[in-house]
Amino acid sequence: MTKKMHDTPLLDELESGPWPSFVTGLKRLAKDDDKPYANMMKDLLGQLEHSYKTKLGYWKGGTVSVFGYGGGIIPRFSEVAEDYPESKEFHTLRVQPPSGMHYSTNLLRKMCDVWEKHGSGLIALHGQSGDIMFQGATTENVQKAFDELNSEDIGLDLGGAGPALRTSVACVGHARCEQSCYDEVKAHRRIINEFLDEMHRPALPYKFKFKFSGCPNDCSNAIHRSDFAVIGTWKDDMKVDQDEVKAFVKKNGRKHMIDQVISMCPTRALSLNDDDTLEVDNKSCVRCMHCLNVMTKALSPGDERGATILIGGKRSLKIGDLMGTVVVPFFKLETDEDYEALTELAETVIDFFAENALEHERVGETIDRIGLANFLEAIGVEVNPNMISHPRTSSYVRTDDWDEEADKWYRHKAEKKGSAEAAE
Amino acid sequence: MNQATQPRRPVESGVPDPFPHMHPVLKKNYGNWKWHDRPRPGVLRHVSHSGDTVWTVRAGTQRQMDIHTIRKLCDIADEYAESHVRFTVRSNCEFMVSEESKVAPLIEKLESEGFPVGGTGNSVSMISHTQGWLHCDIPGTDASGVVKALMDEIYHDFKHEEMPNRVRLTTSCCQINCGGQGDIAINVQYTKPPKINHDLVANVCERPAVVARCPVAAIRPALVDGKPSLEVDEKKCICCGACYPPCPPMQINSEESTKLAIWVGGKHSNARSKPTFHKLVAAGIPNNPPRWPEAAEIVKKILYAYKEDGRPWERMGEWIERIGWPRFFEMTDLAFTRHHIDDWRGARRSLNASAHVHF
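Protein chains in written order, with the numbering used here: chain A, 5 to 428; chain B, 95 to 453.
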């Protein structure tokens with residue numbers, strides 16, 4: 005039976021103005037009277053208007069899942085179901101998009117068809133962890149929708165929720181960016197698909213997120229939004245096309261070149277020569293990307309490529325914000341073996357987290373609690389001055405094994421020199 | 095169980111392979127791009143070592159999309175853009191074309207269908223945001239509504255590249271801040287301790303877990319009217335709302351006490367300066383649906399002060415670093431209060447331990 009639309013005077017005000025209106029979209033669905041979701045969306049609009057009026061939310065969680073999985077569904081039951089009965093169950097399926105969020109229209113249309121049949125017709129592209137969020141299914145329809153999305157024809161799988169490995173994001177990277185320093189799709193798919201059990205059957209102390217950015221511009225917001233950030237970089241000299249440098253100076257002028265490129269280098273690694281070519285002090289360069297961003301034709305990353313691995317980024321709960329911090333300054337990512345080694349490091353860190361973190365503690369908080377040096381020892385990574393902004397300023401430390409620790413450093417250095425010479 | 099009622103086992107396929115869905119020019123030149131530029135706002139041109147060129151047209155969306163909107167994007171992609179799209183992390187939809195002649199008709203079509211083209215380079219991109227009243231179980235405000243209202247106001251700066259550098263805005267409907275760091279962030283800030291429904295706590299909440307969740311150890315088990323419940327030391331409480339998700343009877347929101355706060359200078363990129371967290375600049379802003387005009391006013395004030403005074407490539411936080419906080423508060427006419435001075439752990443590091451003073 006067709007329901008009447010609720011009056012929504014407050015939401016109606018969000019239909020004006022130039023930006024695309026989600027309210028207009030919700031109303032379109034509510035007016036699809038020949039569709040199974042029309043009444044649900046009418047009551048959803050009613051409940052949302054009620055929230056706008058009272059300034060309170062009215063959803064509560066619960067337990068809903070699909071057969072074989074423990075996570076991936078966000079259950080939502082209405083607390084005001086007596087007034088808005090048709091949307092009393094409004095669950096979300098978190099679904100992992102193709103790496104890099106590439107879609108053929110064919111795939112998007114199939115997703116819409118499934119959600120037209122089994123859901124509310126409302127899809128968010130994308131959630132903050134990178135999920136496609138199919139928002140609004142009844143408890144009964146969750147399984148039906150999943151079965152079709154997970155079919156061979158469509159090939160999508162649920163993402164993470166709760167204390168589990170979460171859905172991950174990779175930037176556009178290799179697919180359309182000259183600054184990309186490793187194969188983001190390969191790293192993203194290899195790592196996440198290796199640990200799907202941790203995603204689908206939540207058993208970790210708390211959430212664990214990976215994010216993949218191809219360069220230090222960090223378009224996937226990895227450093228602050230992931231427990232394990234893989235941020236592309238290069239080890240050798242940046243590439244300079246001096247003809248393009250000259251062309252840049254000719255076109256924009258020396259003042260522009262000095263003010264917007266040379267002077268903005270954070271480590272004073274750049275100098276403009278008298279003939280308008282560029283001198284780069286690559287040992288001082290920290291790969292911040294500024295000059296490469298400004299001079300996209302003239303400057304590009306070097307050939308020896310890989311990633312910096314930073315661990316422990318998160319937002320406020322419970323001890324306050326944390327950025328990820330450097331654990332591996334340069335992780336070479338060229339051969340299949342390199343990607344395999346990265347997967348092994350990921351496994352070591354996840355295992356450490358699973359065994360040592362307290363309930364509801366993110367790995368950054370664990371490191372804060374036990375100290376970075378202890379964390380490094382536990383995961384088998386050597387200390388390195390690139391891991392710190394500066395050495396300790398407090399004298400409160402016991403150093404009676406100083407000589408042994410110093411020996412480790414010199415031995416490590418000698419080994420590295422030895423293997424470098426062997427390679428030559 | 096017979097065959098008909100046997101549930102289907104999931105296929106644990108994980109992250110889908112993007113290559114079957116990737117635009118053919120992107121696929122062909124995967125890992126082989128040479129340089130890019132921006133011929134106009136909203137358009138990127140990428141050139142490959144192979145000589146291939148691809149133009150990308152970026153359009154804003156409402157993120158929470160009905161299937162008709164998604165099908166409309168598909169129709170446009172099929173007719174004007176070679177049947178492939180991708181989405182950015184800020185919910186912009188990107189259409190790729192292999193011929194320059196296809197760019198203008200695509201832009202015209204997108205704009206005529208109500209999808210603004212922009213969000214590239216030194217523009218204000220779409221606001222990354224969360225779920226809010228539409229779907230979250232703990233929201234203090236709406237997300238899509240705040241974003242719609244704000245994007246209407248700063249529409250011009252999505253479509254034009256007139257800012258000193260890119261501007262990344264975020265919103266969050268609780269202090270967990272799922273929207274993340276931003277050049278400007280509009281986040282819920284609670285102002286009162288939770289109101290506890292003692293009839294429900296024992297049945298709904300795992301009390302030791304709730305006690306453990308509090309960052310300042312302000313929650314303790316208590317018998318209230320003979321019922322096992324929890325109580326909050328309101329002198330210690332910092333009103334963060336951390337107890338509310340694990341224990342919904344500890345309601346942190348109310349019509350009056352849930353306010354908005356504005357934070358500035360967050361950045362993920364490593365370009366020039368290291369990544370930074372955003373900093374509190376204004377709080378006590380009314381949570382005022384459907385258009386949150388008070389919050390929008392402050393955001394615009396900050397945004398346009400930066401637009402006017404920032405130098406090329408300076409992000410919001412870098413601009414403030416140069417001009418200094420006194421001048422920031424002066425230029426934006428925002429009050430500087432005792433609440434701006436951090437008192438959480440490590441707070442002393444945020445004080446000025448020098449004689450460097452701005453006058």
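Simulated from the structure, these hints should not be mistaken for laboratory data.
Please note: incorrect hints may appear among the correct ones.
[What the hints assert, rightly or not] Cut-off 30 Å, straight-line C-alpha distance, at most; resulting in silico cross-link-like pairs (DSBU-like, lysine-lysine):
no., chain 1, residue 1, chain 2, residue 2
1, A, Lys336, B, Lys203
2, B, Lys203, A, Lys287
3, A, Lys114, B, Lys203
4, A, Lys243, B, Lys128
[Claimed, not checked] Example chain B residues on the side facing chain A (calculated, C-beta under 10 Å, incomplete):
no., residue
5, Met159
6, Trp227
7, His229
8, Asn291
9, Asp293
10, Asn297
11, Cys299
12, Arg301
No experiment lies behind these values; they were computed from the predicted model shown.
Beta carbons: idealized from backbone N, C-alpha and C, even for Gly.
Provide an ascending list of the numbers of those earlier hints which the structure does not satisfy. 1, 2, 8, 9, 10, 11, 12
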